[in-house]
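> Chain by chain, the residues run as shown.
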Amino acid sequence: MAKNILGREIPEFIEGYGKPLLFGGAFARKPEGNAVGAKIRCVNNDSTDKRLPDVKAAIIASGLKSGMTVSFHHHLRNGDFVVNQVIDACAELGINNLTLFPTALFGVHKKLIEHIKSGVITKIMGSVNGPIGQLVSEGGMEVPVTLRSHGGRPRAVKAGDVHIDVAFIAAPASDKYGNICGTVGKSACGSLGYAFTDAQYADCVVVITDNIQPYPASPVSISQVHADFVVEVESIGDPAGIVSGTTRVTRDPLRLLIAKYASQLIEASPYFQDGISFQTGAGGIPLAVTAFMKEAMIKRGIKGSFGLGGITSYFVELLKEGLVEKLMDVQSFDLGAVQSIAENPKHIEISADWYANPWNNGAAVNMLDVVILGATEVDTDFNANVNTEADGALLHGTGGHQDTAAGAKLTIIAQPLLRGRIPCVTDSVYSVTTPGEVIDAIVTEYGITINPRRKDLLDACAEVKGLPLVSMEELSARAKKMSGPTDPVETEDRIIGVIEWRDGTVIDTVKQLKKK
Amino acid sequence: MRRTMLYLPGNNPNMLVRGYLFGSDGLILDLEDAVAVAEKENARILVSHFLRQGEFGDCEVTVRINGLDTEYWKDDLAAIVPHKSLQGVRVPKVEDAGMVKILDEELSHVEEKNGIPVGRTKIFCLLETAQGVWNAYDVAKASPRVAAIIPGGEDLVADLKTSRSPEGTELEWARRMMVFAARAAGVDALDTVFPRVTDDEGLRREAAFIKQLGFDGKSVIHPNQIPIIHDVFNPTEKEIESALKIVAAAKEAAARGLGAVSVDGRMVDVPVVKRAEYVLLKAGITEVE
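Top to bottom, those sequences are chains S and L. Numbering-wise (the working numbering), the first sequence opens with residue 1 and increments by one. Numbering-wise (the working numbering), the second sequence opens with residue 1001 and increments by one.
Errors might be hidden in some of the hints.
[Said to hold, decoys possible] Derived lysine-lysine pairs resembling DSS-like cross-links, with alpha carbons at most 27 Å apart: (1) L:K1251 - S:K465; (2) S:K481 - L:K1238; (3) L:K1238 - S:K299; (4) L:K1282 - S:K465; (5) S:K260 - L:K1251; (6) L:K1074 - L:K1161; (7) S:K260 - L:K1084.
[As the list claims (entries may be wrong)] For each label pair, taking beta carbons as the anchor points, the in silico distance ranges come out as: (8) S:S235 - L:N1014: 58 to 68 Å; (9) S:F13 - L:N1014: 15 to 25 Å; (10) S:D459 - L:A1283: 22 to 32 Å.
If you are wondering where the hints come from, they were derived from the structure by calculation, not from laboratory data. If you're wondering where the values come from, they're calculated on a predicted model, not measured in any experiment. Backbone N, C-alpha and C fix where the C-beta goes; we use that ideal spot for every residue, glycine too.
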């Protein structure tokens, strides 16, 4: 058993994962050698239509066999029909022992549990939420789940850690030759950012669409050069689950209070100036931070350069009002964002690689000034856990947490101090997703807690009258006083989850929960 | 300062714990309307415990007790008055000076029994009937404990045999009366709550209106109302700048042994300086160079 730089014990070999590399710091590991690519294909003018009659035909044509790796993107979110359709078809064709490599899974995918139990899927590399997370946490899979960030995933593919045999790419629009985009059609989802890497690096790419357009379709997100086959199905998803209605700012006073403090911290920081860039996502607190920042930007006559990441209609408003110049969109969260990316050339679709991969010539996160994130818990060293819940169950994906924290100049975790009785500040987080090295401040309803490493920020905040600064010692003591002692999570020795840092090293592992 | 006093239901620990974080000038832990009859006892125990060990930041802490026409009010006082954190009681449906005197006596009795300086607990009177409003001045003068008078909202409107309108026409006279009575008696005039918690613009209009009438502040029923009212009540940058000049000039004049001085061609005498000091107080400025 070895310890990584954060003191987390990592075995020398993890069954079903291999020999882990130890996390040695946020920017410690550097790549060597060349990128690993997809199989070279050749299509001449004897093939001018890549369409196949159905999903099964495409699976057969792709050469997918038992034991291979299949990938999916999550742009259809909780409305997705494609993952279930494809895995059902695999099961019917007698294919098993598959490795599932999704960019994320949602509640709608709980149907996969039957395929996990029957051995169609034996390994998952990607986030496991809800019931699948619970199943994995209780030891329902033989092989541990590998959790990677949005940037860590394309890195792993490019570096050869993961090889995709067949990528199934749901497309709201495609032509017969596989020019696809996400902005048109009844299942429009906006950006297709997470699908790019899979299209580029898979040995075989199957496009699944419910909207065939005449050749050549336009606009194009991912072009025909990547597609092997195109399948038209009746529907790729339920629009109600794909995009939400207009995202509104919360009226919950506690969340607004936390958001106000976070916004005050941003205003006090040296980054609050013309050209500021930020990522705030779609959560209640982050979105409210954006609303407070908007007020402050107008008041102080400041204009931002770009908003990044998952884009909501609230960000679209900022763009329309000239408070940001551009939006860089890896995932469009709501209808307003989908419409905007379709119409506004200043609203740019970016791939996950472009967004967050640490191993390219510079990801968009590097240009970020400020990011607002959440966490299930943070410890006194500012390490954050987003993967496991207080009960030790694997319930959340890493998302862009690690990448934006590593890239942004100011990384803020904004979170109520208690969720029910569960404190969000502890002596040591149950599992580490993102190291304190790249987290600058925690904001709770009790005020702003700055990582002592950021003396510059502490000094900047000290100059602003009325900013509620709270030390980590004080915050942690308060959390303890309010919640009282909590029982430690009881686990078996077996590892059921491996949390990779974005560079492919192992930052922590998650153990199987003891049966209650 | 009593720009905002936030009601917190006395039987909701979650809100009692966090209430002070929202930055109101005062808190009103409510044992009356927010608490159902079956919950009165529990709420009283909870509020009492909370007064003993809770946190209140810089807020002025008061409790709205049950009315003098109920069986609860004496038990309420016995449970809350002994705690140091309590600064006042808000009493509903005050009709005349006699009621204030009865409350005053009982407060003195409880204070004495608990070794607390007699007179420490202030009284905030809710005038929720036509009779109460009519007697506003007498009520305000009935005891040195009286810190503020507050017109009723729903109850008063019902007593007036009308209904509440968005413009608040029906409450206008009571509000003006409240400011006159309060100023004449030397206590604060605090306004009733604005019930439509999602109507931010309506609240802003009403706050601006009552500020112009002369009110010192307003009761609030939702934390989101606090910043809006503060925004209305807080002096503007121009007002602060002018007040700073006036106070600095008065200070300098006093140091040089002069009486009145002139600032920007305007005569500055004691009332003007007092008002400027009040502006700075509201702006949170305590020292003037």
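> If a hint holds in the structure, say so; if it doesn't, say that too.
Verification of the hints:
1. Annotation: proposed proximity of K1251 of chain L to K465 of chain S holds, straight-line Cα distance about 25 Å (limit 27 Å).
2. Between K481 of chain S and K1238 of chain L, the direct Cα distance comes to roughly 45 Å. Violation of the 27 Å bound is thereby established for this hinted pair.
3. Under the criterion of a C-alpha separation no larger than 27 Å, the hint pairing K1238 of chain L with K299 of chain S is consistent with the structure, at around 16 Å.
4. With a CA separation close to 15 Å, the supplied pair K1282 of chain L and K465 of chain S stays within the 27 Å bound.
5. For the suggested pair K260 of chain S and K1251 of chain L, the alpha carbons sit about 37 Å apart, so the restraint of at most 27 Å is broken.
6. Of the pairs offered as hints, the one joining K1074 of chain L and K1161 of chain L is violated, with about 31 Å between alpha carbons and a cut-off of 27 Å exceeded.
7. Our distance criterion of 27 Å between C-alpha atoms is broken by K260 of chain S and K1084 of chain L, whose separation comes to about 32 Å.
8. Our hint of 58 to 68 Å for S235 of chain S and N1014 of chain L is violated, since their Cβ atoms are close to 44 Å apart.
9. Separated by about 48 Å at the C-beta atoms, F13 of chain S and N1014 of chain L break the suggested range of 15 to 25 Å.
10. A hinted range of 22 to 32 Å holds for the C-beta pair D459 of chain S and A1283 of chain L, which are about 25 Å apart.
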